[in-house]
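If you read the protein sequences in the order shown, they are chains A and E. Here the numbering used here is used: the first residue of the first sequence is 1, the next is one more, and so on. Here the numbering used here is used: the first residue of the second sequence is 1, the next is one more, and so on.
Worth flagging that the hints you see were computed from the coordinates, not collected in a lab. Mixed in with the good hints, there may be bad ones.
Pairs of lysine to any residue, SDA-like flavour, derived with a Cα cap of 25 Å [unchecked claim]:
1. K447(E) <-> R407(E)
2. K46(A) <-> K355(E)
3. K66(A) <-> E122(A)
4. K131(E) <-> S160(E)
5. K108(E) <-> S37(E)
6. K66(A) <-> G338(E)
7. K46(A) <-> V61(A)
8. K92(A) <-> V22(A)
9. K355(E) <-> N81(A)
10. K92(A) <-> G79(A)
11. K32(A) <-> L372(E)
12. K46(A) <-> K131(E)
13. K32(A) <-> E332(E)
14. K101(A) <-> H75(A)
15. K46(A) <-> T356(E)
16. K355(E) <-> D403(E)
17. K92(A) <-> D336(E)
18. K101(A) <-> D341(E)
19. K46(A) <-> G310(E)
20. K254(E) <-> N222(E)
21. K66(A) <-> R330(E)
22. K32(A) <-> D93(E)
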Amino acid sequence: MDRIRALLRRNTGDSGPRQLQVADLVLDLQTKEARRGSKTIPLTAKEFHLLEYFMKNKGKVLSRAKLAADVWGIHFDTGTNVVDVYLNFLRKKVDRDFETKLLVTHIGQGYRMTDDPNSEPES
Amino acid sequence: MTLRHQLSRTLLVLVAGVLGLVLLGVYAQVERQRGVSYRERMRLRAYAEGVRFMESPDFGMEVNPQARAQGAEGEPQFLALYSIQNQLLYGMDSTNGGVVLGVPFLNKVRQEGLVNGRQGMVEWAALAFGKEQYNGLLVVCGGVDAQGRDQVRRLAWVLSIAWVLGVVLTWLLSYRFAGRALRPVSHLLDKVDSVHAEQALQFNLPEAARKDEIGRLARRFNDLMDRLREAVGTRQQFLGLASHQLRTPLASMKTEMEVLLLQERSPEEYRVALSGLLQRLEDLNATARRLLALVQLEAGGDALRRTALGLDDVLLEVQAWWGRHRPDARIELLLDEGVEDAGLFTVQGDEELLKTALHNLIENALKYSDNLWVQVQLRRERSPKGYALAVAVADRGRGIPEDQIPRLFEPFYRGTNSGGQPGHGLGLALVSKIATWHGGVLEVQSKVGVGSTFTLVLPPIFGHA
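Excised from the complex, chain A in its bound form (with noise of 0.2 Å):
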């Protein structure tokens, strides 16, 4: 777990962008806040990987196991429904008040997250 903490950090960097965003949701890196619209959303510290996992993959598919890999480090193949639960977390943060619904769930491929709903997955 501190592990992949250590490489999601590494990753950022100082080089790295200070900010991500995609449409109106804003993630401050540094402060580790997030915005969308006029409104702070606030996160907890495993909230805050999931978006920041899904906001650099933007665009992409991303399967449960490969979020339960990256995020919690999670290698085995064990039942869990954390993935979902924190999802659900994140959606009710982040979405549920808004039009627009950046996170897009495939059925039995896994969550995408997008500015734009309508558009076709990234392969």
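Guided by the hints, dock chain E onto chain A, whose structure is given.
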């Protein structure tokens, strides 16, 4: 001052005060009555004198004017008669005070018909006849009620003596009775003083049968002694079991080693034997560690600090550990999907203790089932105090017979359904202790042949009253 003295003094002051007030009241009433009665007599006398004045020609020339002047028994010492124009028609005053009656007073008497009054010791009645009757004659008749006052004075003496006697008697008796009332307390004290360590646990107070405060105190004391007895008994039992549980495997290991050393053996034999011994040593180590944790929790649980922990994170780490060490087992982790916010999974506690608890529960679940399947579920539930976080560890194993469930969390208790599995019966006792340390509880539901679910119920940081 002792309680006895305090009680007796309070009683004395109370009785003296109450008795004093009562007797004072009696005196006051008697004195008042005397006055009223005397003035009434004077009124009647005034009327009689008035009549006599008008009707009898020889008024003023009585048989014994001296007797009258000297104020003989029952005779008024003061008599004055006025005409309708307030002229003094007749006056006699043998009181030394010299009663002064002014015109406004006389007018008042005519207005009201009868006025009672006093000046100093002299009490009088003033009566005015109507105009049609005796020409508006006004009679004032009074004197010093020597006889009455004398009687009242004697009564006052009697009352005073009575009061003094009453107080003295109360003082003597109260001291004795205070002592009597407090005797059970001093008896209690004596018993408690005479107590020595082990002996103490034997006695019970007979005062417990009483229905008053002493009885309540004695009953509480007996309860306390019962609990102490129980605690000491439990501790002795625990120590006995603990030392036995540690010594038995050590003894058998020693024997095995001695046997091994009796003859020359092949390197392979040595290796096998040593592996087995090492395994047994590790088990023993685990037991010793658990025992220590149990004792530490019991004794100095307050020394450990509590931090805010996300239960979902803790569970994920535990799951990951099992995935690495026992990849053949399948540990499912299900989080409550109805929860609004990830922060609601937070508890106040100790990470190591919680992980220990979960490891123990999972280990138990795997030990007593053949299919190596364990489901860990994290739920947020309503509780009487608001909300609670429940971690349910469920297995589809052998199950536990209903009659054994009450004793399940006892240290060293092993159910009969454990069927030869190695273990020392400490795991659940420890988990239960960890649960209570966190302000929660460990619950169990089990059915033989179906499986068991152990639920750790903990108070969350948020949403708890």
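Checked hints:
1. K447(E) <-> R407(E): At roughly 16 Å apart (the allowed maximum being 25 Å), R407(E) and K447(E) satisfy the hint.
2. K46(A) <-> K355(E): This hinted pair holds, its Cα atoms lying about 19 Å apart.
3. K66(A) <-> E122(A): holds (16 Å)
4. K131(E) <-> S160(E): Status violated; Cα separation ~51 Å.
5. K108(E) <-> S37(E): Since the Cα atoms of K108(E) and S37(E) sit roughly 22 Å apart, the hinted pair holds (cutoff 25 Å).
6. K66(A) <-> G338(E): holds (24 Å)
7. K46(A) <-> V61(A): Satisfied, since the Cα-Cα distance of roughly 20 Å is no more than 25 Å.
8. K92(A) <-> V22(A): holds (17 Å)
9. K355(E) <-> N81(A): With a Cα-Cα distance of about 20 Å, the restraint between K355(E) and N81(A) holds, given a limit of 25 Å.
10. K92(A) <-> G79(A): Cα-Cα ~24 Å, so holds.
11. K32(A) <-> L372(E): violated (41 Å)
12. K46(A) <-> K131(E): violated (117 Å)
13. K32(A) <-> E332(E): violated (31 Å)
14. K101(A) <-> H75(A): violated (30 Å)
15. K46(A) <-> T356(E): Holds, at roughly 23 Å.
16. K355(E) <-> D403(E): violated (29 Å)
17. K92(A) <-> D336(E): It holds: about 15 Å lies between the C-alpha atoms, which stays within 25 Å.
18. K101(A) <-> D341(E): Cα-Cα ~19 Å, so holds.
19. K46(A) <-> G310(E): holds (10 Å)
20. K254(E) <-> N222(E): violated (47 Å)
21. K66(A) <-> R330(E): holds (20 Å)
22. K32(A) <-> D93(E): Not OK: K32(A) and D93(E) at ~115 Å, beyond 25 Å, violated.
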